[in-house]
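Engineer: Listed below, chain by chain, are the residues.
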Amino acid sequence: MSSAPAPGAMLRDNLWTNNPIFMQILGICSALAVTNLLTNTMIMTIAVVGVMGMTNLTVSLIKSFIPRKVRMMVQTLIIASYVIVVDIILRAYLPDISRALGPYVGLIITNCIIMGRAEAFAQQNPPLLSVWDGVTSAFGYMGVLLAIALIRELLGFGTLFGYQVMPEIFEPWIIMVMPPSAFFVLGIVIWIGKAIMEREGAPA
Amino acid sequence: MNKQSFGYTVLFTAVVSFVFVLALAVVNEVTADQIQFNQEVRLVRSVLNAMGVEFDDDEHARQLFNDVEQVEENDLSLYRYSQNDEVLYAKQYSGGGLWGPIRGHIGIRADAERTLGLTVLEHDETPGLGGRIDEPWFQEQFRNKRLVDGRIRMGSRDGQGDFDEDSGEFDGITGATSTSEAMERIINNHLEEISRALGGAS
Numbered sequence: 001m002s003s004a005p006a007p008g009a010m011l012r013d014n015l016w017t018n019n020p021i022f023m024q025i026l027g028i029c030s031a032l033a034v035t036n037l038l039t040n041t042m043i044m045t046i047a048v049v050g051v052m053g054m055t056n057l058t059v060s061l062i063k064s065f066i067p068r069k070v071r072m073m074v075q076t077l078i079i080a081s082y083v084i085v086v087d088i089i090l091r092a093y094l095p096d097i098s099r100a101l102g103p104y105v106g107l108i109i110t111n112c113i114i115m116g117r118a119e120a121f122a123q124q125n126p127p128l129l130s131v132w133d134g135v136t137s138a139f140g141y142m143g144v145l146l147a148i149a150l151i152r153e154l155l156g157f158g159t160l161f162g163y164q165v166m167p168e169i170f171e172p173w174i175i176m177v178m179p180p181s182a183f184f185v186l187g188i189v190i191w192i193g194k195a196i197m198e199r200e201g202a203p204a
Numbered sequence: 001m002n003k004q005s006f007g008y009t010v011l012f013t014a015v016v017s018f019v020f021v022l023a024l025a026v027v028n029e030v031t032a033d034q035i036q037f038n039q040e041v042r043l044v045r046s047v048l049n050a051m052g053v054e055f056d057d058d059e060h061a062r063q064l065f066n067d068v069e070q071v072e073e074n075d076l077s078l079y080r081y082s083q084n085d086e087v088l089y090a091k092q093y094s095g096g097g098l099w100g101p102i103r104g105h106i107g108i109r110a111d112a113e114r115t116l117g118l119t120v121l122e123h124d125e126t127p128g129l130g131g132r133i134d135e136p137w138f139q140e141q142f143r144n145k146r147l148v149d150g151r152i153r154m155g156s157r158d159g160q161g162d163f164d165e166d167s168g169e170f171d172g173i174t175g176a177t178s179t180s181e182a183m184e185r186i187i188n189n190h191l192e193e194i195s196r197a198l199g200g201a202s
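Those protein sequences? They're chains A and B, same order as listed.
Residue numbering for the first sequence follows this note's numbering, beginning at 1 and increasing consecutively.
Residue numbering for the second sequence follows this note's numbering, beginning at 1 and increasing consecutively.
Possibly wrong hints are sitting among the right ones.
The following label-pair restraints were derived from C-beta to C-beta distances [said to hold, decoys possible]:
no. : chain 1 : residue 1 : chain 2 : residue 2 : range
1   : A       : Ile28     : B       : Gln160    : 34 to 40 Å
2   : A       : Phe161    : B       : Gly95     : 31 to 37 Å
3   : B       : Val19     : A       : Thr110    : 50 to 56 Å
4   : B       : Leu22     : A       : Ile169    : 57 to 63 Å
5   : B       : Tyr8      : A       : Thr159    : 53 to 59 Å
6   : B       : Leu22     : A       : Thr159    : 41 to 47 Å
7   : B       : Gly7      : A       : Leu61     : 40 to 46 Å
8   : A       : Ile28     : B       : Phe6      : 33 to 39 Å
9   : A       : Tyr93     : B       : Gly100    : 35 to 41 Å
Worth flagging that the hints you see were computed from the coordinates, not collected in a lab.
Don't be surprised by glycine CBs; every beta carbon is placed ideally from N, CA and C.
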C-alpha cells in the first residue's frame, strides 16, 4: 500500500482480493472454533468488527507517540483492553450469548488479523482511514466465517440461526458439529474463492 | 525528548498501561452489579425450576426465592420450599461429564419417590451433541419422574425424550452416549445421597 489508498479499493481488497482468511490465511483458529452455529458466529464477528475498528483508531491516533521498541506490546495492550470491554458488556447485558461463546470472546485478543492490521496499516495511516481498514477487514473475516457456519449449521443441525429448515427426514451430519469439519469446509471455501478469483484474472 | 530513549519508553509504557487499566477498572465497576444480579437470577431460576415452582419473571422468581430455606438434612445441604402443604427439596449437583464438570440443580419430593425437575447450569460438553443437555426437552424428562429402586435409568428410545412420568427412565441423547451416561451416573449418585438424607430424617 502506497500513500493514501482509496477507500473503495480498500473495501474490495479487504473483502475479496486480499481477504484476511482466504488470501492471508490469518485468524484460522477462530474460524475453526466458533463456526458451528450461525448465531454465535454472528455475535463473535460483530465483536471483532468493533474491536478492530477501535484498535486501528487508537493505534493510529497515538502512533506518533509510541516508541518503536514497545510498539507491539502497546498494540496488544490496546487490543486486550477492547476485548475485555466487549466480554464484560456481553456478560452484563447478553449473559446467554456470553455463556454460549464461553472462552472464545477472550480469544479474540489472539486473533492475528487484528494485530496484523494494526501493525501493517494503522501504524502508517491516518485515523479515519485506519478505522475503515479495520472494519472492512473484519467484514472480510465475517463473510468467510458466516459462509462456513452456514454450511456447518445447515448440515450439522438442519437449522439456520436456530430455525429448522431441513425436512424432518434429514439426518444431521454429526461430523459437521465437531471441530474437524471446519478444516474441510474452510479448505473448500478457500478453494472456491481462489478458483473464482483465478477466473476473474485477479492481480496476484 | 527523544522518543526512542529508555526513559521515554518506560514513561510511555507506564502511562499507556495506567490509562487502559483505569478504563477497564471503570467499566468493570460500572457493570459489576449487573453481572452479579445476572448470576443471582440464574441461580434462583435454576433452583425454582428444579423444584417445579412456577414464576412469571425474574423479579417474581427472586420474591419466591425469599421463602426458600437452605437447610441441612443429616449434613446434606438442601434447598427447601413449601408449596400447597407439600415440602419440596432441591440440591445442587455436580459431577464429571465427558469434557468437564456438569453443574445444576435437581429437585425431589419430600417422600423421595419422585423427582421434581432437573436443571443444568454449567457444562463443557460438545456443542450440538452432549451440549444438548441444556435444552428444555432433555431437562423436562425429569419432571415429576417416578424413581424405580431410587434411580432413574437411561433408556434408549428415539432420542426425542421420555416423558412418561412412571417409566423411571430418561432418553439419552443420540450421538452423545458418554454425556448421557455421565448424567445418569451423576443424577443417581445425588438422588441416592438425597434419599438417604431425607429418609434418615423421617
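Engineer: Now look at each hint and say whether the structure bears it out.
Structural biologist: Hints, verified against the model:
1. A:Ile28 with B:Gln160: 34 to 40 Å: Holds: the Cβ-Cβ distance is about 37 Å, inside 34 to 40 Å.
2. A:Phe161 with B:Gly95: 31 to 37 Å: For Gly95 of chain B against Phe161 of chain A, whose Cβ atoms are near 33 Å apart, the range 31 to 37 Å holds.
3. B:Val19 with A:Thr110: 50 to 56 Å: 23 Å, violated
4. B:Leu22 with A:Ile169: 57 to 63 Å: 58 Å, holds
5. B:Tyr8 with A:Thr159: 53 to 59 Å: 56 Å, holds
6. B:Leu22 with A:Thr159: 41 to 47 Å: Holds: the Cβ-Cβ distance is about 44 Å, inside 41 to 47 Å.
7. B:Gly7 with A:Leu61: 40 to 46 Å: Because 23 Å falls outside the window, the suggested range is violated.
8. A:Ile28 with B:Phe6: 33 to 39 Å: For Phe6 of chain B against Ile28 of chain A, whose Cβ atoms are near 38 Å apart, the range 33 to 39 Å holds.
9. A:Tyr93 with B:Gly100: 35 to 41 Å: 26 Å, violated
Checked against the numbered hints above, the structure breaks hints 3, 7, 9 and satisfies the rest.
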